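Protein chains in written order, with the working numbering: chain A, 124 to 481; chain B, 33 to 361; chain C, 3 to 324.
Note that these hints are calculated values from the structure, not bench results. If you're wondering where the values come from, they're calculated on a predicted model, not measured in any experiment. Heads up, a few of these hints could be off.
[Claimed, not checked] So the derived label-pair ranges between C-beta atoms look like this:
no. : chain 1 : residue 1 : chain 2 : residue 2 : range
1   : B       : N284      : C       : P296      : 34 to 44 Å
2   : C       : Y18       : A       : A288      : 25 to 35 Å
3   : B       : L115      : C       : N246      : 30 to 40 Å
4   : C       : Y18       : B       : K243      : 21 to 31 Å
5   : A       : Q362      : B       : P143      : 39 to 49 Å
6   : B       : K165      : A       : Q362      : 37 to 47 Å
[Unchecked claim] In silico SDA-like links for lysine to any residue, alpha-carbon gap of 25 Å or less:
no. : chain 1 : residue 1 : chain 2 : residue 2
7   : C       : K272      : B       : K349
8   : B       : K241      : C       : V123
9   : C       : K272      : B       : R213
10  : B       : K188      : C       : E306
11  : C       : K137      : A       : F271
12  : C       : K90       : C       : G43
13  : A       : K154      : C       : F265
14  : A       : K385      : A       : I293
15  : C       : K137      : A       : R467
16  : C       : K199      : B       : K241
17  : B       : K102      : B       : A138
18  : B       : K110      : B       : D234
19  : C       : K272      : B       : Q211
20  : A       : K364      : C       : K137
21  : A       : K160      : A       : N313
22  : C       : K272      : B       : D234
23  : C       : K83       : A       : K154
24  : C       : K88       : A       : E373
[Said to hold, decoys possible] Counterexamples of contact, computed for chain A against chain C with all Cβ distances above 12 Å:
no. : residue
25  : V186
26  : P197
27  : L316
28  : G351
29  : R354
30  : M370
31  : E373
32  : S374
33  : G376
34  : P389
35  : I392
The C-beta atom is built at its ideal place from N, Cα and C for all residues, glycine as well.
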Amino acid sequence: MSARLLDRVSDKLIDALVAVIGRVRPEWVKKNAYRVKEWKLMLYALNRSPIGLAGLVLAMGFVVIGIIGPYIAPHSYDFSYIAATGEYQKYFLAPPGTGGAILGTDDLGRDLLSQLLYGARISLMSVILVLPVGIAIGVILGLIAGYFGGLVDELIMRITDVFLAFPGLILALALSAALTSRIAYVIAHNQWLASFLCAVFALKPSDVLNIAPNLAIIIALWIVWWPGYARLVRGMTLQQKSNVFVMAAESLGMSSFQIMVKHILPNIIGPLLVFMTLDVGNVILVQAGLSFLMGAQIKIPDWGAIVQHGSQYLVNGAWWLVIFPGLAIMLAVLGWNLFGDALRDILDPRTRRSIEFR
Amino acid sequence: MGLRPIIEVKDLRVYFYTYAGVVKAVDGISFEIYEGETFCFVGETGCGKSITSRALTKLIEPPGRIVGGKILYYRDGKPIDILSLSEEEIRKIRGKEIAYIFQDPAAALDPLYTIGHHIGETMIDHGTVSKWKEALARAVQLLREVAIPAPEQRVKSYPHELSGGMKQRAVISIGLSNQPRLLIADEPTSYLDVSVQAQILDLLRELKKKKGLTLLLITHDMGVVAEMCDRVAVLYAGHIVEIGPVDRIFTNPLHPYTQALLRAVPNPLKRVLRLEPIQGTVPNLVNPPPGCRFHPRCPYAKSICREERPRMVEVEKGHKVACWIYAAR
Amino acid sequence: MAVRVLVRVEDLKKYYPVGGIFFSSKYVKAVDGISFEIYEGETLGLVGESGCGKTTTAKLILRLETPTSGRVLFDGMDVFKLKGKKLKDFRRLTGIVFQDPYTSLDPRMTVFDIIMEPIRVHKIEVGDPEQFVLKLLYDVGLNESHLYRYPHEFSGGQRQRIAIARVLALRPKFVVLDEPTSALDVSVQAQILNLLKDLQKKYGLTYLFISHNLAVVRYMSDRIAVMYLGKIVELGPSEEIFENPLHPYTRALISMIPVPDPFQARKRKKIVLPGEPPSPIDPPPGCRFHPRCPYAKSICREREPPLVEYSRGHYVACWLYS
Numbered sequence: 124m125s126a127r128l129l130d131r132v133s134d135k136l137i138d139a140l141v142a143v144i145g146r147v148r149p150e151w152v153k154k155n156a157y158r159v160k161e162w163k164l165m166l167y168a169l170n171r172s173p174i175g176l177a178g179l180v181l182a183m184g185f186v187v188i189g190i191i192g193p194y195i196a197p198h199s200y201d202f203s204y205i206a207a208t209g210e211y212q213k214y215f216l217a218p219p220g221t222g223g224a225i226l227g228t229d230d231l232g233r234d235l236l237s238q239l240l241y242g243a244r245i246s247l248m249s250v251i252l253v254l255p256v257g258i259a260i261g262v263i264l265g266l267i268a269g270y271f272g273g274l275v276d277e278l279i280m281r282i283t284d285v286f287l288a289f290p291g292l293i294l295a296l297a298l299s300a301a302l303t304s305r306i307a308y309v310i311a312h313n314q315w316l317a318s319f320l321c322a323v324f325a326l327k328p329s330d331v332l333n334i335a336p337n338l339a340i341i342i343a344l345w346i347v348w349w350p351g352y353a354r355l356v357r358g359m360t361l362q363q364k365s366n367v368f369v370m371a372a373e374s375l376g377m378s379s380f381q382i383m384v385k386h387i388l389p390n391i392i393g394p395l396l397v398f399m400t401l402d403v404g405n406v407i408l409v410q411a412g413l414s415f416l417m418g419a420q421i422k423i424p425d426w427g428a429i430v431q432h433g434s435q436y437l438v439n440g441a442w443w444l445v446i447f448p449g450l451a452i453m454l455a456v457l458g459w460n461l462f463g464d465a466l467r468d469i470l471d472p473r474t475r476r477s478i479e480f481r
Numbered sequence: 033m034g035l036r037p038i039i040e041v042k043d044l045r046v047y048f049y050t051y052a053g054v055v056k057a058v059d060g061i062s063f064e065i066y067e068g069e070t071f072c073f074v075g076e077t078g079c080g081k082s083i084t085s086r087a088l089t090k091l092i093e094p095p096g097r098i099v100g101g102k103i104l105y106y107r108d109g110k111p112i113d114i115l116s117l118s119e120e121e122i123r124k125i126r127g128k129e130i131a132y133i134f135q136d137p138a139a140a141l142d143p144l145y146t147i148g149h150h151i152g153e154t155m156i157d158h159g160t161v162s163k164w165k166e167a168l169a170r171a172v173q174l175l176r177e178v179a180i181p182a183p184e185q186r187v188k189s190y191p192h193e194l195s196g197g198m199k200q201r202a203v204i205s206i207g208l209s210n211q212p213r214l215l216i217a218d219e220p221t222s223y224l225d226v227s228v229q230a231q232i233l234d235l236l237r238e239l240k241k242k243k244g245l246t247l248l249l250i251t252h253d254m255g256v257v258a259e260m261c262d263r264v265a266v267l268y269a270g271h272i273v274e275i276g277p278v279d280r281i282f283t284n285p286l287h288p289y290t291q292a293l294l295r296a297v298p299n300p301l302k303r304v305l306r307l308e309p310i311q312g313t314v315p316n317l318v319n320p321p322p323g324c325r326f327h328p329r330c331p332y333a334k335s336i337c338r339e340e341r342p343r344m345v346e347v348e349k350g351h352k353v354a355c356w357i358y359a360a361r
Numbered sequence: 003m004a005v006r007v008l009v010r011v012e013d014l015k016k017y018y019p020v021g022g023i024f025f026s027s028k029y030v031k032a033v034d035g036i037s038f039e040i041y042e043g044e045t046l047g048l049v050g051e052s053g054c055g056k057t058t059t060a061k062l063i064l065r066l067e068t069p070t071s072g073r074v075l076f077d078g079m080d081v082f083k084l085k086g087k088k089l090k091d092f093r094r095l096t097g098i099v100f101q102d103p104y105t106s107l108d109p110r111m112t113v114f115d116i117i118m119e120p121i122r123v124h125k126i127e128v129g130d131p132e133q134f135v136l137k138l139l140y141d142v143g144l145n146e147s148h149l150y151r152y153p154h155e156f157s158g159g160q161r162q163r164i165a166i167a168r169v170l171a172l173r174p175k176f177v178v179l180d181e182p183t184s185a186l187d188v189s190v191q192a193q194i195l196n197l198l199k200d201l202q203k204k205y206g207l208t209y210l211f212i213s214h215n216l217a218v219v220r221y222m223s224d225r226i227a228v229m230y231l232g233k234i235v236e237l238g239p240s241e242e243i244f245e246n247p248l249h250p251y252t253r254a255l256i257s258m259i260p261v262p263d264p265f266q267a268r269k270r271k272k273i274v275l276p277g278e279p280p281s282p283i284d285p286p287p288g289c290r291f292h293p294r295c296p297y298a299k300s301i302c303r304e305r306e307p308p309l310v311e312y313s314r315g316h317y318v319a320c321w322l323y324s
């Protein structure tokens with residue numbers, strides 16, 4: 124079975140990883156022999172889940188393309204066939220396959236494929252900027268609320284409720300309206316920030332101010348993303364608290380902080396990881412949706428904005444401007460969802476074993 | 033108490049097909065239960081007592097399967113081959129002629145339905161009564177029989193409104209509602225307090241006398257065995273190691289495991305200086321030890337014990353043991 | 003038997019409010035004014051049925067809960083007033099082994115980590131950690147192959163051994179054993195109980211042994227306290243309590259335990275108490291046991307009997323004796 128072949132591949136990967144760790148910290152290897160075996164078992168389970176593997180491929184594909192996209196794109200995102208060749212008729216809304224444009228061009232003769240590859244970077248960076256912040260805030264507040272209970276819990280949860288009630292959409296629109304010019308101002312006057320943003324979003328320095336609406340979206344997402352984690356982590360913390368080993372730790376004299384970090388957190392990381400993986404798809408989707416709605420203001424090749432720009436030309440029959448970016452979004456989200464589902468089965472020690480022996 | 037058998041089991045095997053391998057949970061068990069007696073299965077966790085009791089009405093779910101043996105249920109002196117019955121036919125017997133009481137009364141009761149509903153439902157299902165009005169009237173009667181105070185009100189109560197002991201009484205009344213001939217009680221008192229346990233055991237004894245029931249009692253508590261049972265089967269790792277009348281098992285335990293078990297149990301009425309534990313642990317049933325499954329822990333193990341599984345031999349009347357100390361080669 | 007008092011409990015009370023955090027007029031009186039002493043080196047057994055308050059008492063003594071009123075003195079110090087270093091010392095000198103071996107160990111930690119944790123928390127110097135942990139493992143009957151494995155790979159009995167090793171790591175003086183063998187098989191129970199006895203002798207430990215199983219309590223304890231509905235109804239040397247039980251509840255309790263001897267079982271007279279242990283929310287007035295007591299008199303319904311010394315070291319709270 125091909126699964127066994129994959130098993131050998133995944134084993135080699137893990138062994139290589141362990142060898143590296145062994146070089147840095149030899150005692151780790153001896154102490155964690157069992158844990159390494161569990162990792163191998165997890166990968167065996169993954170190898171036997173074709174959907175999980177497909178998801179992994181798509182998810183990693185998204186990450187890889189997000190990183191190297193701008194470097195492998197045939198043209199820059201603002202390159203125009205029309206400007207370059209002067210052939211307006213040919214390259215105005217050119218269907219896929221015309222000349223060098225594998226996926227077609229838009230109303231300005233820009234290569235859709237290159238746009239999508241740059242867009243991947245923007246999508247990826249949005250995820251990287253939004254998720255860690257939301258998770259950090261949510262996990263910390265959730266742990267504190269769940270562990271201490273009582274008034275602290277009430278307070279934090281009511282604040283969470285307020286933030287949960289924020290309509291992310293409207294908030295994003297409002298924030299972008301209010302903050303865009305201010306953000307642009309900050310970028311304009313801060314050389315370091317400008318270079319940083321150019322590098323991570325793969326933009327031309329002249330375009331850096333155009334990132335402002337996207338940053339507004341990201342800030343809006345920071346505000347609405349953490350309450351979900353706060354609630355989730357609070358629930359899981361409450362569950363863990365009822366475990367006797369928490370009381371055992373108290374009886375040893377461990378401080379609350381120590382208990383939260385050493386006992387509760389490691390025991391909730393599993394389901395949390397699954398949630399985070401599924402959440403990546405959410406961020407991609409919401410961010411694309413927001414940039415779609417704000418499409419008029421967005422001048423950089425964000426997937427959502429591309430769809431919005433392209434939708435105006437559907438009447439002209441330019442289906443590729445909508446379908447391809449839509450497909451890109453869909454595949455990215457699907458990949459993370461499928462992988463997240465497989466991860467759920469893999470990380471639960473009980474279901475992990477039942478996958479093995481099917 | 034006659035000597036007519038009501039259940040006869042020959043060489044029963046129940047295996048579980050799990051990720052870890054094939055668990056030979058019950059591996060060749062034979063015994064009889066006679067009408068009107070209280071028969072006990074005693075053993076520790078994993079010995080197969082619960083599984084055997086459930087196999088009697090084919091109540092085994094995958095990954096478990098009854099893979100061999102014969103189970104005969106006698107009705108009016110005529111044997112019925114349980115394992116050859118269809119699902120429909122066995123369901124007519126289950127809950128009617130053979131009824132169960134399980135360990136956790138809270139888990140046995142659906143929190144969404146009243147006690148009266150629970151009792152009535154099983155009666156209507158088995159055709160003991162035909163109308164709900166009759167069912168509820170009978171339910172009140174049954175609750176009175178199990179000594180639940182104010183049964184007319186209690187019949188409308190929900191499970192969470194009842195204490196642990198009351199819940200177990202309610203469960204017993206459900207079991208009795210269709211006038212079974214055999215009542216199987218699987219650790220009915222392990223979740224209950226000592227004082228409630230005493231009440232429930234007394235109740236079971238009384239009901240058995242009044243209704244002429246046969247009682248199969250499953251327990252790990254040797255005290256309960258001594259108090260309740262006429263005959264005992266001691267199980268270890270999927271095998272029966274000893275069977276006999278309760279007096280003989282306690283005064284003359286033959287199998288080394290039975291002897292060790294009795295020495296490991298503290299008697300509250302005696303001053304015990306030192307308990308004698310049994311060395312080692314219960315074997316893994318995926319790869320059980322060859323020959324006699326107890327040999328790794330047995331102080332008297334000989335070479336034959338490691339090779340061949342001992343046959344059951346009768347050492348005194350009605351008292352059988354499966355051990356090479358007593359069986360000639 | 004040593005005469006030095008290690009733990010003194012004075013009129014300890016713990017009420018839990020029922021219904022809402024802010025407004026409650028009803029209380030669950032889990033522990034309602036108990037006083038006793040535990041002598042250094044002895045095993046005091048705490049016996050009772052569910053709802054009697056024995057687990058709450060244990061948690062209060064170890065300051066895992068705060069009392070509604072009353073004091074607990076450990077080696078002369080008021081446990082609930084301890085702060086900072088003194089509190090850390092208290093934690094180091096006390097330990098607890100829980101009933102459920104399946105959730106009392108963090109499933110994400112190896113045996114090594116579990117046992118080293120108390121050492122790390124208290125920052126104690128132990129030389130070679132591996133050797134230190136191995137010595138403890140040998141003490142409890144485990145070995146080096148168990149060092150880096152995870153709790154779920156062990157049986158219930160082995161997990162309890164790990165829990166015991168963890169408690170011993172700090173060389174405590176006082177250990178609370180909360181039903182340590184109730185979740186274990188009979189044969190394993192005997193192993194663990196003997197282990198606990200041996201360790202007590204080896205390290206001079208003082209035990210508070212909590213159980214609902216009277217036979218086990220008799221085997222383990224020097225003195226026994228019987229609790230009912232948040233109060234101590236009888237207290238005395240364990241042989242005394244079993245040979246000459248005074249309180250009707252104690253008598254009934256002893257008579258109701260199933261005895262592993264069919265002849266004794268048939269001979270003896272069981273006092274089967276009617277009803278169930280009532281809920282500690284609204285305890286009956288007067289003596290709490292009177293609704294179920296075969297000897298209840300009118301005074302029992304009106305006034306609570308005090309715990310008085312009947313004979314040397316044997317106390318009972320019952321109007322039959324005062």
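Now for the hints, and whether the structure bears them out:
| no. | hint | verdict |
| --- | --- | --- |
| 1 | B:N284 with C:P296: 34 to 44 Å | holds, 38 Å |
| 2 | C:Y18 with A:A288: 25 to 35 Å | holds, 34 Å |
| 3 | B:L115 with C:N246: 30 to 40 Å | violated, 56 Å |
| 4 | C:Y18 with B:K243: 21 to 31 Å | violated, 44 Å |
| 5 | A:Q362 with B:P143: 39 to 49 Å | violated, 21 Å |
| 6 | B:K165 with A:Q362: 37 to 47 Å | holds, 45 Å |
| 7 | C:K272 with B:K349 | violated, 31 Å |
| 8 | B:K241 with C:V123 | violated, 61 Å |
| 9 | C:K272 with B:R213 | violated, 28 Å |
| 10 | B:K188 with C:E306 | violated, 36 Å |
| 11 | C:K137 with A:F271 | violated, 37 Å |
| 12 | C:K90 with C:G43 | holds, 22 Å |
| 13 | A:K154 with C:F265 | violated, 55 Å |
| 14 | A:K385 with A:I293 | violated, 39 Å |
| 15 | C:K137 with A:R467 | violated, 39 Å |
| 16 | C:K199 with B:K241 | violated, 44 Å |
| 17 | B:K102 with B:A138 | violated, 33 Å |
| 18 | B:K110 with B:D234 | violated, 32 Å |
| 19 | C:K272 with B:Q211 | violated, 29 Å |
| 20 | A:K364 with C:K137 | violated, 31 Å |
| 21 | A:K160 with A:N313 | violated, 50 Å |
| 22 | C:K272 with B:D234 | holds, 10 Å |
| 23 | C:K83 with A:K154 | violated, 41 Å |
| 24 | C:K88 with A:E373 | holds, 16 Å |
| 25 | V186 | holds, 28 Å |
| 26 | P197 | holds, 49 Å |
| 27 | L316 | holds, 40 Å |
| 28 | G351 | holds, 24 Å |
| 29 | R354 | holds, 20 Å |
| 30 | M370 | violated, 6 Å |
| 31 | E373 | violated, 6 Å |
| 32 | S374 | violated, 5 Å |
| 33 | G376 | violated, 3 Å |
| 34 | P389 | violated, 5 Å |
| 35 | I392 | violated, 9 Å |
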